[in-house]
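Engineer: What follows is each chain in one-letter form.
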Amino acid sequence: MSFAIFAVFTVAGALAAMILRNLVHCVLALVLAFTGLAGLYIQLGAQFVGFAQILIYVGAVAILVVFAILLTRSHEPPSRLAVSPGWATSIFVAAAVFGVLAWSIRSSAISALPISPHPEITVRQIGDALMSQFVLPLEVIGLLLTAALVGAVTIAMREQRRMK
Amino acid sequence: MTVPVNYLLISAVIFAIGLAGALVRRNAILVLIGIELMLNAANLNFIAFWRYGPNPEALTGVMFALFSIGVAAAEAAVGLALIITVYRHFHTTDLDRIDSMRG
Numbered sequence: 009m010s011f012a013i014f015a016v017f018t019v020a021g022a023l024a025a026m027i028l029r030n031l032v033h034c035v036l037a038l039v040l041a042f043t044g045l046a047g048l049y050i051q052l053g054a055q056f057v058g059f060a061q062i063l064i065y066v067g068a069v070a071i072l073v074v075f076a077i078l079l080t081r082s083h084e085p086p087s088r089l090a091v092s093p094g095w096a097t098s099i100f101v102a103a104a105v106f107g108v109l110a111w112s113i114r115s116s117a118i119s120a121l122p123i124s125p126h127p128e129i130t131v132r133q134i135g136d137a138l139m140s141q142f143v144l145p146l147e148v149i150g151l152l153l154t155a156a157l158v159g160a161v162t163i164a165m166r167e168q169r170r171m172k
Numbered sequence: 005m006t007v008p009v010n011y012l013l014i015s016a017v018i019f020a021i022g023l024a025g026a027l028v029r030r031n032a033i034l035v036l037i038g039i040e041l042m043l044n045a046a047n048l049n050f051i052a053f054w055r056y057g058p059n060p061e062a063l064t065g066v067m068f069a070l071f072s073i074g075v076a077a078a079e080a081a082v083g084l085a086l087i088i089t090v091y092r093h094f095h096t097t098d099l100d101r102i103d104s105m106r107g
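Protein chains in written order, with our numbering: chain A, 9 to 172; chain B, 5 to 107.
Worth flagging that the hints you see were computed from the coordinates, not collected in a lab. Each residue gets a CB set at the ideal place from its N, CA and C atoms; glycine is no exception. A portion of the hints provided could be inaccurate.
Said to hold, decoys possible - Examples of chain B residues toward chain A, derived with CB under 10 Å:
{"hint": "1", "residue": "19"}
{"hint": "2", "residue": "25"}
{"hint": "3", "residue": "30"}
{"hint": "4", "residue": "60"}
{"hint": "5", "residue": "61"}
{"hint": "6", "residue": "62"}
{"hint": "7", "residue": "69"}
{"hint": "8", "residue": "75"}
Given these sequences and hints, build the entire structure.
Structural biologist: Have a look at this one:
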């Protein structure tokens, strides 16, 4: 039952984020979709990933997108068409991708998997794994985030007029 | 008890919505949002396969999803910085009007 609620929230939020005209409304719908996904993660037994999803996506990425939207407010009249000229082809491509995915999911062997009991994982186990088995990826992602931070600041920094 | 197929179907729906949005919308920020939705669909697949896979105590799917969230955050930061720079140059985020490199 809770699966249905979270699934409806997620799909409705994602749809609204892609359909609505007002960009700020799009981000609010996106927050709804991300929260629904976090609920699905928690329901699947991955509590830590669910809370990380809420912290990072709802807390950071959505705020970042709102900042970008407010910084790039366009002065044009909002009556212009919001979709690309070739939108029918794009919709068809997306529907075809979904058709192929759904067909392969339906015909795969995963529907015959036995329902295993809920895996019990604690944050302690995740921390242990991050510090032993996955320590190299952890360091690499720290490096990546540092590089992305410096890169984002460098890209978005206003170019100074060069003095002669 | 929900079967894994439902999670995979939800993930496929979100992926298709994100793909359609990234292809259809003209605003660069909404294209980025579509890409984020597709990344999230992939994360849901990781978690679903980890939950119903043979070795959930190995934590591989959870780790992959966590690292994927981290990479997506870095991608969002750099992508939005690029969009802001492009807006400063062209005074628009409409992708169809940023066509100075059209052949």
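Engineer: Are the hints correct? Go through all of them and say.
Structural biologist: Now the hints, each set against the structure:
1. 19: holds (7 Å)
2. 25: holds (3 Å)
3. 30: holds (5 Å)
4. 60: The hint holds - residue 60 of chain B has a Cβ within 10 Å of chain A, the shortest such distance being about 3 Å.
5. 61: holds (6 Å)
6. 62: holds (9 Å)
7. 69: For residue 69 of chain B, the interface hint holds, since the closest Cβ of chain A sits about 5 Å away, which is under 10 Å.
8. 75: holds (7 Å)
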